[in-house]
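Engineer: Sequence:
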Amino acid sequence: MHPIMLDVAGCELNAQEQEVIGHPLTGGVILFARNYYDPQQLRHLTAQIKASASHPILISVDQEGGRVQRFIEGFTSVPAMGNIASNAEPEPLATACGTVIAAECLG
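When we follow our numbering, the leftmost residue of the sequence shown carries the number 310, and every step to the right adds one.
Worth double-checking, as some hints may not be accurate.
[As the list claims (entries may be wrong)] Pairwise CB distance ranges, derived in the manner of DEER restraints: (1) N392 - M310: 38 to 46 Å; (2) L402 - A342: 34 to 42 Å; (3) G416 - R376: 22 to 30 Å; (4) G416 - N323: 31 to 39 Å; (5) M310 - D347: 19 to 27 Å.
By construction, these hints were calculated from the structure, which means they are not laboratory data.
C-beta atoms are modelled at their ideal positions from N, C-alpha and C, and glycine is treated no differently.
Please model the entire structure based on the sequences and the hints provided.
Structural biologist: Rendered as structure tokens:
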């Protein structure tokens with residue numbers, strides 16, 4: 310058997326979600342816009358997820374910029390990666406955007 314990735318319903322975990330996240334075959338949790346309203350709440354939710362897990366767990370979000378940005382309030386708006394790629398020299402901007410996204414998601 311292999312670990313699975315799952316999602317959660319809201320901005321904090323319920324008892325059933327805590328139990329499922331604690332299962333040894335839960336490998337990660339993906340977050341969506343419905344799981345977020347501000348950076349402080351996000352830190353609380355990720356702490357709940359980590360505390361519920363029985364082992365180190367991956368927490369992910371699709372936060373690549375442009376129209377694909379699940380967390381808005383308190384996060385920098387970055388251009389779509391396709392727009393960055395169309396620049397003559399995309400690497401510096403792509404690196405800068407990636408650094409900002411990572412720093413903000415890691416909180």
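Engineer: Which earlier hints turn out false for this structure, listed by number in ascending order?
Structural biologist: Per hint list: 2, 4 and 5 violated.
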